[in-house]
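Generate the whole structure from the sequences, applying the supplied hints.
Residue numbers (the UniProt record's numbering), protein chains in the order written: chain A, 1 to 334; chain B, 1 to 334; chain C, 1 to 326; chain D, 1 to 326.
Treat the hints as calculated values from the structure; they're not laboratory data.
Treat the hints with caution; some may be incorrect.
Straight-line C-alpha distance at most 25 Å; calculated BS3-like pairs for lysine-lysine [claimed, not checked]: (1) A:K34 x C:K40; (2) D:K43 x D:K181; (3) D:K181 x B:K34; (4) C:K43 x C:K181; (5) C:K181 x C:K323; (6) D:K323 x D:K181; (7) D:K181 x B:K42; (8) D:K40 x B:K42.
Per label pair, the in silico range of CB-to-CB distance [what the hints assert, rightly or not]: (9) D:Q250 x C:D166: 47 to 53 Å; (10) A:R63 x D:E23: 22 to 28 Å; (11) B:A190 x A:S331: 47 to 53 Å; (12) C:E227 x D:A253: 31 to 37 Å; (13) D:A34 x C:E280: 31 to 37 Å; (14) D:S313 x B:D303: 33 to 39 Å; (15) A:R63 x C:K40: 21 to 27 Å.
Just so you know, even glycine gets a beta-carbon here, dropped at the ideal spot from N, CA and C.
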Amino acid sequence: MTETTTVAAIPRQTRLRMYRDIVRVRRFEERAYKLFMDGLVKGTSHLSIGMEAIAAGFGAAMRDDDLTFCTYRGHAHTLVRGTPMPRVMGELLGRSTGVCGGKGGSMHLTSVEHGVMGSYAIIGAHLPIAAGAAWSAQLRGSDQVTVCFFGDGTTNIGAFHEALNLAAVWELPVVFVCENNLYMEYTAIADVTAVERPAADRASAYGLAPIVVDGNDPEAVHEQAARVIQRARDGGGPSLVEALTYRHGGHSRADPGTYRPQEEIDAWLARDPVPSYRRRLLGDGVAEDELAAIEMEADADVDAATEAARQAPFPAPEEAFTDVWADGGSSWRN
Amino acid sequence: MTETTTVAAIPRQTRLRMYRDIVRVRRFEERAYKLFMDGLVKGTSHLSIGMEAIAAGFGAAMRDDDLTFCTYRGHAHTLVRGTPMPRVMGELLGRSTGVCGGKGGSMHLTSVEHGVMGSYAIIGAHLPIAAGAAWSAQLRGSDQVTVCFFGDGTTNIGAFHEALNLAAVWELPVVFVCENNLYMEYTAIADVTAVERPAADRASAYGLAPIVVDGNDPEAVHEQAARVIQRARDGGGPSLVEALTYRHGGHSRADPGTYRPQEEIDAWLARDPVPSYRRRLLGDGVAEDELAAIEMEADADVDAATEAARQAPFPAPEEAFTDVWADGGSSWRN
Amino acid sequence: MAELITYRQAVSRAIAQEMRHDESVVFLGEDVAAAGGVFKTTKGLLDEFGDQRVRDTPISEEAILGAAMGAAMTGMRPIAEIMFSDFLATCWDLVAVEIAKMRYMTAGQVRVPLVVRTANGGGLRFGAQHSQSVENWAMMIPGLKVVAPSTPHDLIGLFAAAVRSDDPVMFFEQKSLYPVKGEVPDGEIVDQLGTARTVRAGTDVTVVALAAMVPRAVAAASVLHDEHGISAEVIDLRSLVPLDTATLLQSVARTGRIVTVEENPRLCGWGAEIVSIVGEECFDALRGPMVRVTTPHIPLPSADALEDATLPSVDRIVEAVVKLCR
Amino acid sequence: MAELITYRQAVSRAIAQEMRHDESVVFLGEDVAAAGGVFKTTKGLLDEFGDQRVRDTPISEEAILGAAMGAAMTGMRPIAEIMFSDFLATCWDLVAVEIAKMRYMTAGQVRVPLVVRTANGGGLRFGAQHSQSVENWAMMIPGLKVVAPSTPHDLIGLFAAAVRSDDPVMFFEQKSLYPVKGEVPDGEIVDQLGTARTVRAGTDVTVVALAAMVPRAVAAASVLHDEHGISAEVIDLRSLVPLDTATLLQSVARTGRIVTVEENPRLCGWGAEIVSIVGEECFDALRGPMVRVTTPHIPLPSADALEDATLPSVDRIVEAVVKLCR
Ligand SMILES: Cc1ncc(C[n+]2csc(CCOP(=O)(O)OP(=O)(O)O)c2C)c(N)n1
Ligand SMILES: Cc1ncc(C[n+]2csc(CCOP(=O)(O)OP(=O)(O)O)c2C)c(N)n1
Ligand SMILES: [Mg+2]
Ligand SMILES: [Mg+2]
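The structure is reproduced here in structure tokens:
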């Protein structure tokens with residue numbers, strides 16, 4: 001595991017931003033879980049509690065016009081790009097104020113305005129799409145970098161392979177980030193994968209360097225993120241980063257995640273990015289007050305977002321019939 | 001390139017069998033091409049002229065009950081398993097005597113009786129299917145090995161990735177053979193692939209050893225074939241073999257293959273397996289007469305197969321409506 | 001004897017029944033073994049049948065169906081789970097171009113006796129990529145049998161018929177039905193493909209439904225009877241291929257009217273096929289237009305307020321029938 | 001001025017026209033650039049537009065459509081070739097579940113202005129995996145526009161309309177038409193999606209066709225006129241989505257009879273949709289059963305003797321119409 005201490009290199013402001021993002025995502029998702037249990041979030045939702053450092057580390061390394069592609073487990077990635085929390089919460093609660101007006105739901109958060117080009121719920125599908133966005137940036141000479149997040153289980157589907165090869169051959173400005181949380185839904189990635197590191201051990205199949213990073217350490221993530229994003233921006237082509245992490249809870253909403261050994265859970269809980277990054281910042285001289293303020297602000301934001309979403313109207317039924325076509329409607333006949 | 005001289009190790013009978021297979025396939029395909037140009041073979045057809053040593057080397061290493069999966073470029077693989085030439089020629093000419101009664105055509109040659117489990121015309125699709133046949137052999141404890149042939153271009157499609165991973169994880173008795181003839185249809189594999197050896201450079205992504213063999217040398221192929229087939233039979237799991245070769249002609253029927261540099265063509269023509277294996281056998285003391293007899297027999301077989309196919313009846317139109325279902329018919333209603 | 005079980009429980013009972021009945025039946029899919037399936041439809045199978053016959057796979061839908069197909073061609077009778085029917089799109093080549101065509105292309109040299117089970121349909125607020133009803137995708141492919149049961153009892157019997165069929169069968173479990181209970185007799189149950197069931201007899205109009213639309217059609221028939229004096233005959237197709245056109249045409253010949261109720265989006269759903277068959281073969285008996293109630297031609301939205309506006313409801317069925325019979 | 005060109009030549013002319021017209025139009029696919037396409041439909045494009053805008057890809061259909069979709073979402077107007085329409089099965093998730101749904105799922109935040117071109121249909125003795133007519137696969141997916149021209153002139157104009165549309169368009173080139181010639185005026189041609197054309201006026205029966213079935217329907221209409229005294233109106237639908245129901249319904253309202261002619265296999269082809277629309281919206285005008293002429297519900301065989309027995313022929317069309325009008 002590439003773990004270098006580069007504390008000095010990361011500006012204080014960036015460090016605090018990452019802490020804020022981690023805390024905001026954590027508090028947001030804890031609330032989302034509660035709202036799910038209260039029956040206010042319907043359908044399903046997939047939390048990244050325990051995995052927030054990856055989104056935070058990358059988010060802080062991206063330029064405003066860079067592009068994010070993520071999965072159904074995309075609350076974190078959507079929030080760290082600056083998507084307003086009330087609009088994300090609104091979407092989870094199926095309100096008209098949601099980023100997708102209730103059409104998308106938890107699994108399809110999108111905020112193009114903030115570079116969040118969609119949350120995709122079919123495993124692997126968004127990797128080639130992200131490559132396409134990177135191709136477009138290359139064609140337009142826009143200097144934008146695309147960052148595409150996905151899980152360990154995603155490395156075994158065909159679209160992964162096709163996207164990586166195309167990106168490598170066309171030297172596209174895209175960074176593929178495998179969030180290896182050791183599990184797919186309920187099955188351990190190790191049980192169904194021919195290599196130990198599902199992403200890194202396959203990098204060479206695309207002429208890429210293997211990169212493994214501690215996904216619970218926002219600074220380690222950020223360092224790699226900054227490096228590979230710059231490389232992409234400079235025309236150096238794609239990268240494939242494997243970030244090791246763990247989700248504290250189950251795969252989705254009601255899953256208690258009992259298929260995992262307790263020692264494993266305990267070991268990873270001890271590496272929870274929220275308290276551990278907090279300790280580190282305190283150790284580096286950041287004032288307790290400053291961190292507490294960030295936390296209080298996060299709580300207040302989550303409260304406000306929840307309240308706003310609860311108060312927001314449900315979409316009118318007619319809204320179901322809009323937005324199929326670019327003309328705004330859904331008619332298939334003349 | 002792994003090229004060991006193991007002349008002594010391969011029995012004379014096997015060597016002559018391989019020579020016979022190479023010659024038979026060559027003469028068969030030369031005739032098929034002529035018949036295509038004469039308008040007797042319809043649709044399309046893909047020849048492996050120049051590539052026969054791979055089919056011959058593997059064919060001679062397979063047990064009678066082993067299983068072959070191949071592609072639209074499958075005349076060679078179908079013939080070397082013992083499928084009667086008149087039935088293959090019949091299929092090419094769309095006759096009722098064809099192995100598939102005219103329903104399959106050149107791209108779908110199948111002879112289950114001879115272990116030829118189908119020729120598949122969708123790139124990559126047969127790799128997972130071959131894995132399935134190997135799984136079945138494993139479950140049934142039948143000791144059979146499945147050998148699956150495909151081209152270099154096939155290594156870039158998703159199904160390749162999924163099949164290799166599954167075969168590796170389940171340790172299936174299957175051998176994947178990439179016939180790398182440097183081109184897909186008209187595009188060089190090097191132009192669209194992130195690694196130099198499209199198969200071998202990816203073996204490690206599935207925990208497999210890289211294996212490259214001279215596909216124009218039937219003995220080198222045979223040696224590797226025997227080894228990896230035995231390994232599979234012994235429960236050692238799958239292998240991925242990349243055999244380097246070249247097709248003398250174009251991709252399919254009317255393609256003159258002009259996108260290839262003349263020096264490249266010349267260099268490979270100089271390595272044509274037919275004359276070069278002939279020279280080698282002569283050099284090792286096989287009598288000219290014996291080789292000439294094999295060649296005459298091949299010519300006679302091709303003549304007879306052609307004549308039989310030309311004389312054979314076309315299928316009756318009603319035949320189009322049989323064999324959709326196991327009951328023999330095609331009715332979708334009660 | 002009979003017991004009351006859920007459609008969900010019927011799935012594991014059906015698989016277990018067939019695995020007991022025939023050694024060559026094996027089962028594979030994502031999270032199906034150790035975890036018992038993400039819909040908890042396959043609990044207990046690993047324990048009873050062991051890890052050779054019940055297998056967890058990587059997230060590799062093409063490999064799953066390829067494995068099933070290759071095994072089916074060589075003596076096994078695999079059951080493959082594709083977790084959500086939407087994911088059939090990721091392995092559609094295997095379904096539509098390999099599995100469906102293999103027997104034909106080889107002039108009957110191989111048979112492909114496999115079942116693809118999958119959770120189909122909407123109503124659970126899962127959004128556009130996890131809610132599609134795609135039984136029409138399968139119906140349009142020559143070489144596939146297509147089954148979609150509406151009750152636990154039918155599920156077991158039709159599943160057994162599917163596994164025992166020598167042809168590939170696409171078996172659609174409507175996921176909104178998983179919690180629904182129904183009476184199921186003890187012992188082995190083996191039904192027959194290609195047999196529709198008249199769920200409720202009627203004289204004024206034939207309402208044709210499938211899977212989750214069957215209980216809605218039945219509920220609509222009650223309303224139609226009680227509030228509008230209309231006698232609706234409700235037919236549960238149960239399988240789309242083979243299709244029980246006899247039951248269908250006999251009913252329409254009597255009622256003179258047909259309304260189809262389907263979860264498929266509007267264009268080219270199976271309702272169109274049913275209506276077309278009637279319009280060609282039973283035209284003279286028709287007393288009015290042929291009406292399809294479908295999900296509108298849109299991807300499904302996630303929010304409950306929106307999703308409820310899309311799937312055919314009892315109200316919409318009643319309204320369509322009343323308008324037709326007026 | 002006008003020239004006589006083949007349907008094949010019309011393809012490259014159409015692509016070139018749009019690439020000249022709009023810098024954001026790019027083109028990708030297998031063997032499309034250096035080689036000019038395996039059907040020789042894209043010759044000369046690499047030379048004129050260079051290797052940034054015209055790209056050869058690996059054999060990676062999902063990557064091709066993913067690349068097109070991602071580019072379309074970010075300001076480009078990609079044209080992607082899927083060599084044979086059968087291969088759409090290998091990337092069906094991208095087509096049906098990503099491209100088609102993205103705009104809707106995001107409540108209109110993105111547009112996906114791309115065109116997927118593909119060689120569709122049978123008649124070339126290519127066998128079951130290279131001969132399918134799959135325009136019905138696309139029609140049934142909400143969010144896709146679906147176009148299938150029958151002449152070189154239509155091809156250019158409809159292709160331009162497809163490229164200029166802000167919605168994703170599935171563009172089916174019927175491969176049996178590639179050698180067919182037609183007159184095409186000089187200069188830029190831009191047509192309109194969702195407009196059917198009455199190819200031949202008639203009074204007794206409306207014959208609805210698409211792509212390669214249009215010339216067959218027209219030939220059948222001549223035979224019907226000359227040998228049976230039946231006046232058939234032939235409508236070329238040209239696009240399935242949007243669908244020109246106005247032209248269709250007006251015609252049937254006049255003739256009272258409808259026969260659809262399609263290459264799709266029997267079940268759930270677009271003919272079923274057309275017939276169902278007529279059966280619901282134009283019932284009172286009908287003077288007889290609604291008839292579909294289709295490819296039977298079988299995978300396509302390879303041998304000419306067999307394939308000729310399957311696709312709708314002029315004879316079969318004539319026979320169906322005569323039987324209906326008798
Ligand atoms: C093609 C496809 N197959 C299966 C699924 C069901 N599914 C949803 S999430 C998931 C597990 C994904 O695991 P991983 O890639 O490790 O991501 P994680 O959920 O752990 O973040 C599966 C199998 C899907 N959405 N798409
Ligand atoms: C999924 C799919 N994409 C494209 C094709 C068209 N196609 C047929 S053969 C071929 C080239 C295959 O190249 P390779 O794998 O190297 O095999 P070779 O023909 O050289 O033996 C292509 C692209 C196809 N049949 N299937
Ligand atoms: Mg995971
Ligand atoms: Mg090749």
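> Broken hints, numbered, in rising order?
Replying inline: Numbers 3, 5, 6, 13, 15 - these are the hints that the structure violates, sorted from lowest upward.
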